[in-house]
Amino acid sequence: MMYVVFIMSVLYVVGFIGFSSKPSPVYGGMSLVVSGGLGCGIVMSSGGSFLGLVVFLVYLGGMMVVFGYTIAMATEEYPETWGSNVVVLSAFLVGLLMEVFMVMWLFSGEHELVGFYFSSLEGLMVLGEGGFEYVREDYSGGASLYSYGFWFLAMAGWMLFVSIFIAIEVTRKRY
Amino acid sequence: MPYIYMNIMLAFVISLIGTLMYRSHLMSSLLCLEGMMLSLFTLNALLSLNMNFTLSTTVPLILLVFAACEAAVGLALLIMISNTYGLDYVQNLNLLQC
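Those protein sequences? They're chains A and B, same order as listed.
So in our numbering, the last spot in the first sequence is 175, and the numbers never skip.
So in our numbering, the last spot in the second sequence is 273, and the numbers never skip.
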């Protein structure tokens, strides 16, 4: 059970190989969704529950849904999967082989697993003058977007607003 | 060098190679671009959380906003290509012959 995060990161890389070997975009989108879920699990295992929720809601629930129906709009009659085409299958197997070699090389040396392993309660404590306080790191990062990172917020909001007009202007018909 | 950072950086390199090598669909290159953004988000989030850089947990959120804008523009272009040519095959983009 100690290596569950490492197994999740290996499956994350396998999902990436799955859509990088370029099957039809239907299957590539499915592989990206699986990798997104595993990435959420990796982030949450380091204590970032807010950022994991952001991955699921914003990335998978927002962006991947839009990709999903765009794929449904611009797809072909017989989509090719990993087993139906030799090129896709061989690219997938080459990537898988490379990942297996990297895992074997990692386990032959002396590396740490993540970096720092804090147990769940000690990692949240801040030593103040009066006593101990609790700080949630990723929530305070999201909150500091509104206080210290106000300029980030202004630029990101303006960019989202302008990109609506960009998308409308690009998809305007010219006849 | 911890294991997990190496796996996630390897995932970034794999989707970078996938972006640069076209097959038939333009959509699969856009999906590999989204994979690059996802691996950057995961790497940023893990580094900020594991090294306790509390203020830089803002960076993955900002990165996700910019990735959403980029995906919107890329999808708009793909829809225009699909409306003009019927499908989003890369071999249809042959107007510029130089």
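It should be emphasised that the hints constitute simulated quantities derived from the structure, not laboratory data.
Wrong hints could be hidden among the right ones.
To be verified - Derived Cβ-Cβ restraints for the label pairs, each shown as a range:
1. A:Trp105 - B:Leu270: 32 to 38 Å
2. A:Ser84 - B:Leu191: 21 to 27 Å
3. B:Ser199 - A:Gly109: 22 to 28 Å
4. A:Ser140 - B:Leu262: 44 to 50 Å
5. A:Ser147 - B:Ile192: 35 to 41 Å
6. B:Leu252 - A:Phe161: 44 to 50 Å
7. B:Asn227 - A:Lys173: 30 to 36 Å
Using N, Cα and C, we set each Cβ at its ideal position, and we do this for glycine too.
Honestly, do Leu252 of chain B and Phe161 of chain A meet the 44 to 50 Å range at C-beta?
violated (19 Å)
Distance restraint hint 30 to 36 Å, applied to the beta-carbon atoms of Asn227 of chain B and Lys173 of chain A:
violated (52 Å)
For the hint 22 to 28 Å, verify it against the beta carbon of Ser199 of chain B and that of Gly109 of chain A.
violated (41 Å)
Distance restraint evaluation - Trp105 of chain A, Leu270 of chain B, Cβ atoms, bounds 32 to 38 Å
violated (47 Å)
Cβ distance range 35 to 41 Å for Ser147 of chain A and Ile192 of chain B, holds or violated
holds (40 Å)
Check the following: the C-beta atoms of Ser140 of chain A and Leu262 of chain B are separated by a distance inside 44 to 50 Å.
47 Å Cβ-Cβ, so the 44 to 50 Å window holds.
Evaluate the given range 21 to 27 Å for the C-beta pair formed by Ser84 of chain A and Leu191 of chain B.
Since Ser84 of chain A and Leu191 of chain B have Cβ atoms about 26 Å apart, the given range 21 to 27 Å holds.
The structure shown violates the earlier hints numbered 1, 3, 6, 7.
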